[in-house]
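Participant: Below, each chain spelled out in residue letters.
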Amino acid sequence: MADSRERRVDLGRGLHLHSPLLVASGTFGYGFDAPLVDRRALGAIVTKGTTLRPRQGNPPTRIAETASGMLNAIGLQNPGVEHVARAFAPAWAAWPLPVIVNVAGESIDEYRAIARRLSGVAGIAGFELNISCPNVARGLQFGVDPRLAGELTAAVRAVTPLPLMVKLTPNVTDIVAIARAVADAGADSISAINTYLGMAIDVPRGKAVLERGAGGLSGPAIKPLALHAVWQVAAAVPIPVVGVGGISSVSDALEFLMAGAAAVQLGTINYSRPQAAREILDGLTAFVEARGVDDWRSLTIRPARVPSHA
Amino acid sequence: MADSRERRVDLGRGLHLHSPLLVASGTFGYGFDAPLVDRRALGAIVTKGTTLRPRQGNPPTRIAETASGMLNAIGLQNPGVEHVARAFAPAWAAWPLPVIVNVAGESIDEYRAIARRLSGVAGIAGFELNISCPNVARGLQFGVDPRLAGELTAAVRAVTPLPLMVKLTPNVTDIVAIARAVADAGADSISAINTYLGMAIDVPRGKAVLERGAGGLSGPAIKPLALHAVWQVAAAVPIPVVGVGGISSVSDALEFLMAGAAAVQLGTINYSRPQAAREILDGLTAFVEARGVDDWRSLTIRPARVPSHA
Amino acid sequence: MSVATCAAAIVVRRSVPMAGAVELVLEHPAGAAAAQPGQFFQLAVNAPRAILRRPYSVAWIDPDEGQIGFIFNVVGIGSAWLASVREGDAIDLLGPLGQGFAIQAGSRPAVCVAGGLGVAAFPALVSALIARHRPVVFLQGARTSSQLLPAARLEGANLRLATDDGSAGHRGTVLDLLAAAPLVDADVFACGPIPMLCGLIDAARRLEVPLARIQVAMETPMGCGTGTCLGCVTPRRGGGYLLTCTDGPCLPADRIDWTLMVEAVHG
Amino acid sequence: MSVATCAAAIVVRRSVPMAGAVELVLEHPAGAAAAQPGQFFQLAVNAPRAILRRPYSVAWIDPDEGQIGFIFNVVGIGSAWLASVREGDAIDLLGPLGQGFAIQAGSRPAVCVAGGLGVAAFPALVSALIARHRPVVFLQGARTSSQLLPAARLEGANLRLATDDGSAGHRGTVLDLLAAAPLVDADVFACGPIPMLCGLIDAARRLEVPLARIQVAMETPMGCGTGTCLGCVTPRRGGGYLLTCTDGPCLPADRIDWTLMVEAVHG
Ligand SMILES: Cc1cc2nc3c(=O)[nH]c(=O)nc-3n(C[C@H](O)[C@H](O)[C@H](O)COP(=O)(O)OP(=O)(O)OC[C@H]3O[C@@H](n4cnc5c(N)ncnc54)[C@H](O)[C@@H]3O)c2cc1C
Ligand SMILES: Cc1cc2nc3c(=O)[nH]c(=O)nc-3n(C[C@H](O)[C@H](O)[C@H](O)COP(=O)(O)OP(=O)(O)OC[C@H]3O[C@@H](n4cnc5c(N)ncnc54)[C@H](O)[C@@H]3O)c2cc1C
Ligand SMILES: Cc1cc2nc3c(=O)[nH]c(=O)nc-3n(C[C@H](O)[C@H](O)[C@H](O)COP(=O)(O)O)c2cc1C
Ligand SMILES: Cc1cc2nc3c(=O)[nH]c(=O)nc-3n(C[C@H](O)[C@H](O)[C@H](O)COP(=O)(O)O)c2cc1C
Ligand code: FES
Ligand code: FES
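In order, the protein sequences belong to chains H, W, U and P.
Counting from 1, one number per residue, gives the positions in the first sequence under my numbering.
Counting from 1001, one number per residue, gives the positions in the second sequence under my numbering.
Counting from 2001, one number per residue, gives the positions in the third sequence under my numbering.
Counting from 3001, one number per residue, gives the positions in the fourth sequence under my numbering.
Read the hints as simulated data drawn from the structure, not as lab findings.
Check before you lean on any hint, since a few could be wrong.
[Said to hold, decoys possible] Cross-link-like lysine to any residue pairs, in silico, SDA-like; alpha carbons within 25 Å at most:
| hint | chain 1 | residue 1 | chain 2 | residue 2 |
| --- | --- | --- | --- | --- |
| 1 | H | K207 | P | G3169 |
| 2 | H | K207 | W | D1294 |
| 3 | W | K1207 | U | D2257 |
Isolated chain H (complex conformation) (with noise of 0.2 Å):
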């Protein structure tokens, strides 16, 4: 790959990766599976989502195909901070490529407590906070409420010298508000988005196909409403924002970057090509080479507002 370091993408904080790619959360579980995925290609790992305490997660049928899309409701299913901490980090300090661990919580005291006990081992690069959990005292997600999601992120920031990346949902009637919300509370970078609530019935069973009944949607289908999202945040706060949605091709990671992200993280792909990542950061170079162009950002198309649909 061409001088990387001319092209180094800086997420704030001194969190600065040496390619635009990123592995998006549940997709690449700690690092430690998917080994035909080129490592070399990527800027940073984002774990699967780490609770406070383990959790088992939904019973099954977890996923359901669609239409260029994929289900899930896994139910966050993990080994819990602890065991992140002892078990993962220590291996973690050893790699080259930086990870940062994505926090979720049900109350903002747990994910103070989680970024607290991660803040400071070795080997934890930054926190991504997915804030499209629910919020058991006042019983919605924080994700859907400018207020709630500065609270939980000022108070995360307060505890945590850490790069913190908060993760928005896009299940809201307007993200720009949540986005801005979270940047003045504090956050170094936005990544945009999560999954589309959605949902599969099995006709012949009558019942519908996850045992959760509703799940998220990712993968190619959505890609059109995450470029919207991350065209509208980018606009919108002055912190840079990491794209992630329906990315699987080199043509799909440049519409985001030109949409003005700063980075873009691979998800549903990599269970299919686990190769994407090597032929996503090579067709990247080629493009930006071809054009003579000596940084991701200058890619972007933005200022450029859009109007809304009618």
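Chain H is already provided as a structure; the job is to place chains W, U and P with the ligands on it using the hints.
Facilitator: Just chains W, U and P with the ligands now, kept in the frame of chain H:
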């Protein structure tokens, strides 16, 4: 088709359909094109969105294909209500098929004026209010705010005795709140959903594919999202819900009926498979007859709460 | 429109008429009986993730054999799928659709202007013109000689060539051939990239050729192909829009707002 | 896992081993060298709208020829696409993946229990057992005789059949054959519909066959096949879940919570 009187669909206020299949607004014009669609398979036609004055619509490019989906930003090109009343309604009056006029406006007065003009005109079977339009005065869509949506519905309700279907936008945090508001305000039925805001970028040209920038996503890609919306809304309101979004097969239609829809609208599929309406009606009929079910509503697998995605 | 059908047709022959292009010959008696030069069909493509049909001009029509031909190049997922189709496979066709080229009565010479794959729309038209004993001057442009449709496919026409690399005919674009063409009192038929069409319009204005005598076959992305989606518009002279699929694709040049056309493409 | 590769393999033969099933033979030296009986591959399907690979057990393995075989039936869009593949086409394979059948040392007899397409997982296992001179009793059940995998594909095994319509062997299900099988001091290998597996477990409990000596090949929908999506879980005895793709698909029956298993399927 077997005895369809038994399986009539009741959309309220005397609007009875002999088939649970409607064609979605904007995918069938005003009923004069698409000769290859078998009208006998249809319970009703929903027209292109109609405004008070004629509209030329947006400059090209207006459409773009995405993974299992289609983006459009037509800009409500239509001949205006006067032309509809004079040139189209007389023809409709002679059809066995009820024609529902999709109404769009930028102020409550506009919606009301359109409904007034068409009420009592022979050939107009009812209205579908497209509330995904920006309210010029308030600067946000009617459809994203329960109060605005309720006001609009009540205002139109007050000026027409015709059946009133209100079409919800899915681009909201809580579609159930909007649904309840329009039901309380006097809607006879609800159609869900309209398109999802999306975008595509033409990478070689470095600009949005659609001249308007953003557009509405339709087609199979959105089916899981639309199904989830219908599942939630049907559980929350006492009036019939018409499901719409990505339906392209018998099984898709059955999913919506099982989720609680009283009927469904076929949209984007009409473009690529004009024979779809006939095939789907035959498939639905065979399915219910095999089950010995004498009423479409009895297909529903509601009530059942869907826990939100975690 | 009313004669349009939606049916599966068998691919009886697949060939490569010129470099970078594929020709499919389909068994389609109804289509062959109904189609006019310049009309198009909507071809269903079974490509992963594709949901819309793809519009293609009928390249030639053989009512006697009950066959029609399409000539295309691979620019994306749909055309890639079509190019992968094998003889004996079936393709679902919707058509014929839209307005073909209008052939006025009389003996005025015809000048055809084809750029790149735009030539695909012409074999049927040339046969029709020759059958009416109209003299046909055919201006064809391509990047290089191997990408030119062979003269045999345009039999009877007075063929004049231009290639970017000069490997055949004039070195330059098809527009350079306009100067020497008998435009002034001819019926002009054109199909090709928008910039070529715009260049033709400019030349016509300079040479004072009435735009009403120029017919262009427009290519815009299409949703339905039958006038219901309103997705395929071409700016109309005097305001508003034409539906490329039902008002066109073949349109008299004077009905189009060429200034907006340019903006739509290059803006 | 570490030997898994992701590569395109050529289909050298396509056939119909039994009614309603398709067999694909792939040229895949690396896979043939690495694969163990009971392991699976993730096959990329180029079907419209499909985005995930489809998991298939390796039916048989021929390291000398560098070939592997898959046997499957058409239940949806992915398998329909695989069934449409022609000899000479390439399929993108990821694998071998997961835990195959564990063949303990010793000379204990083996009892294989296969229902429907579950039989697809067995030819490789039977060859391996026979090679180790293990006596193999093979219980195969199907709807009707034409849907049974021919005996020749299970050479060396003592084959006992059951069909729902009695057209071959016992009239009834494969479970009816358990009573007469030497279960008690055998290693048991099973693959088939969940209800069959549950019936086997019940029978084993009645006959006091330790579940630890029964290995089942589980089939659940899969996202990745490599342990990252957590989408393929099987309820674990004692709580929590096993990943079918990496802990399995071949699992000792005593590691599975069969009560939850039933709920997950019929609940
Ligand atoms: C009336 C009509 C007749 C046509 N006749 C021919 C013909 O005879 N031979 C031929 O090779 N092509 C013809 N075209 C163009 C052809 O339809 C497109 O090349 C094709 O639809 C691209 O599909 P795709 O899936 O391969 O590309 P996509 O993946 O859909 O898109 C690839 C690129 O092609 C562009 N494109 C997409 N649709 C169209 C379209 N309808 N017109 C122009 N560009 C498009 C896209 O903007 C994109 O840049 C015709 C188009 C029209 C409207
Ligand atoms: C480890 C493993 C090995 C397998 N080996 C074989 C084999 O050798 N031969 C064979 O015929 N089948 C096998 N299967 C089942 C096979 O994977 C599915 O039949 C296939 O994925 C269905 O894909 P589809 O696109 O045709 O069906 P879809 O359209 O995806 O779904 C159609 C129906 O199949 C069900 N289904 C989807 N995926 C699976 C799945 N992974 N397992 C079970 N049911 C599923 C769906 O719930 C749905 O009811 C195996 C499955 C697993 C997990
Ligand atoms: C199986 C699965 C599990 C996921 N788990 C998480 C998670 O634990 N935390 C999170 O923030 N996002 C999670 N996601 C969302 C992805 O990180 C990503 O935002 C989403 O899938 C959209 O990207 P994609 O279309 O490229 O997959 C998960 C996605 C999938 C498919
Ligand atoms: C080209 C196009 C134009 C549309 N125009 C309208 C419209 O004028 N009014 C409206 O309420 N919905 C309109 N819609 C939305 C459809 O009626 C429908 O709600 C949406 O497409 C989802 O259904 P589908 O996925 O089956 O197409 C339009 C959709 C398309 C694709
Ligand atoms: S393509 Fe739909 S109106 Fe022209
Ligand atoms: S299939 Fe993804 S974890 Fe098993």
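Participant: With reference to the structure, classify each hint as holding or not holding.
Facilitator: Each hint tested on the structure:
1. H:K207 with P:G3169: 37 Å, violated
2. H:K207 with W:D1294: 20 Å, holds
3. W:K1207 with U:D2257: Satisfied, since the Cα-Cα distance of roughly 22 Å is no more than 25 Å.
The structure fails to meet hint 1 from the earlier list, while all remaining hints are met.
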